[in-house]
Amino acid sequence: GAVVSQHPSWVICKSGTSVKIECRSLDFQATTMFWYRQFPKQSLMLMATSNEGSKATYEQGVEKDKFLINHASLTLSTLTVTSAHPEDSSFYICSARTGIGTEAFFGQGTRLTVV
Amino acid sequence: GNSVTQMEGPVTLSEEAFLTINCTYTATGYPSLFWYVQYPGEGLQLLLKATKADDKGSNKGFEATYRKETTSFHLEKGSVQVSDSAVYFCAYEGPGGSYIPTFGRGTSLIVHP
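Going down the list, the sequences are from chains A and B. Take 1 as the starting number for the first sequence in the working numbering and just add one per residue. Take 1 as the starting number for the second sequence in the working numbering and just add one per residue.
So that you can see chain B by itself, here it is in the shape it has in the complex (with noise of 0.2 Å):
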């Protein structure tokens, strides 16, 4: 069935350091694919999104590309500050899932001064 896999947390860095979480999906036909953060007791906000093959969302510093031969949609910062630390969630949209949203089960991250 379809699915979203991401990368265990949390994860830990230092301020400035780079960051890499990995997001693979099995999904039919063509999803839209979504980073969403969640900042501690809040809900989810939309990071960013790309709807088609080699799209790339960006916000906020975060990118992520859209690569449908490796079905991946990896979520990427050159210099994390304290204050993204927060859960990320992986999400795709699409015709197999009925178009409903459906989430990874999150990375935490931890940014350390």
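Chain A extracted, bound-state conformation (with noise of 0.2 Å):
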């Protein structure tokens, strides 16, 4: 199948700091790329929904100031957690699809951590 490559797969960062983290498709051009949250033990959170070259989409309660979401390219989407604080930690998984009814697929995750 597919490949998403998410990077950094972990990363501890101070609280305050800036985090960006990225979602490349490596075979294929991801006209929609999802991000979502999971805390431990429980479901993906959608977080919001990005469309190459248009703002992102963001969920009911999802602070956009907050987090960032750009996807300048067919192959790329970041996400960034501005200031972030201890309560941001968690694990954030992107998913890339080439369209409407075409397979999602994962990239593997970034655990992160604020301390």
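No lab work stands behind these hints, which were simulated from the structure alone. Here the structure is a predicted model, which is why all the values come from computation and not from measurement. Among these hints, one or two may not hold up.
Claimed, not checked - Below, computed lysine to aspartate or glutamate pairings styled on EDC-like, alpha-carbon distance capped at 20 Å:
hint	chain 1	residue 1	chain 2	residue 2
1	A	K20	A	E63
2	B	K60	A	E103
3	A	K41	A	D88
4	A	K66	A	D88
5	B	K68	B	D55
6	B	K56	A	E87
7	B	K52	A	E103
8	B	K77	B	E15
9	B	K68	B	E42
10	A	K41	B	D84
11	A	K66	A	E22
12	B	K49	A	E103
13	A	K41	B	E8
14	B	K56	B	E69
15	A	K66	A	E87
16	A	K41	B	E42
As the list claims (entries may be wrong) - Residues of chain A placed beyond 10 Å of chain B at every Cβ, according to the derived structure:
hint	residue
17	V11
18	E52
19	K66
In this text, a Cβ means the ideal position worked out from N, Cα and C, and glycines have one as well.
From the two separate chains plus the hints, produce the assembled complex.
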């Protein structure tokens, strides 16, 4: 199947700093990418949907100014957690697909720990 | 609204036991249904899927049948292995949810030798 690469796999940062997570589709063009957040032993909660070249659509309750999403090309989307706090510590997973009705492929996830 | 409900875990089985993980959904229209598996510390992998009623998805010995009459998509495997230990997520994607993959809360499976 297609490969979605997420980087870094894990990151530890200090409170107040910003962290950028990259999501790349390695062998296909991803018109749509999704960003999820997963708390321990819980399901994936959709944070936002991004389409290449346009602004991301955020789910209710997700702070746009805190979780900056950029989908500048058909193979790259980034999630920047700004002014991170310990409560932002979580597992973040991206997903990419070529279009509606096509299979969504998932990155391996990024474990963010804010200290 | 649209949702996916999975049975609570963890499910603990001995090797070679029969596995069933229940999943039911509420959705408008005719969604596609999926099972994903997440191994410890990893992202999600698609295990199997079904796109219309009565379809059966299968992979690696796992099966699930899209039952429209009962709005269910239960995951089964006849003989589990220790390597099947993981978290399993039922998900759907369809017109009622703007075709965005929506997940159940996941069911942890622990298989003992």
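Against the structure, the hints come out as follows:
1. A:K20 to A:E63: 16 Å, holds
2. B:K60 to A:E103: 18 Å, holds
3. A:K41 to A:D88: Distance ~16 Å between K41 of chain A and D88 of chain A Cα, so the pair holds.
4. A:K66 to A:D88: 10 Å, holds
5. B:K68 to B:D55: Distance of about 10 Å is within 20 Å: holds.
6. B:K56 to A:E87: Outside the cut-off at roughly 41 Å; violated.
7. B:K52 to A:E103: 15 Å, holds
8. B:K77 to B:E15: Given pair K77 of chain B, E15 of chain B holds - Cα atoms ~11 Å apart, limit 20 Å.
9. B:K68 to B:E42: 32 Å, violated
10. A:K41 to B:D84: 17 Å, holds
11. A:K66 to A:E22: 16 Å, holds
12. B:K49 to A:E103: 10 Å, holds
13. A:K41 to B:E8: With a Cα-Cα distance of about 11 Å, the restraint between K41 of chain A and E8 of chain B holds, given a limit of 20 Å.
14. B:K56 to B:E69: 15 Å, holds
15. A:K66 to A:E87: OK: K66 of chain A and E87 of chain A at ~12 Å, within 20 Å.
16. A:K41 to B:E42: Between K41 of chain A and E42 of chain B the Cα gap is close to 13 Å, so the pair holds against 20 Å.
17. V11: 14 Å, holds
18. E52: 16 Å, holds
19. K66: 21 Å, holds
When each numbered hint is compared with the structure, violations occur for hints 6 and 9.
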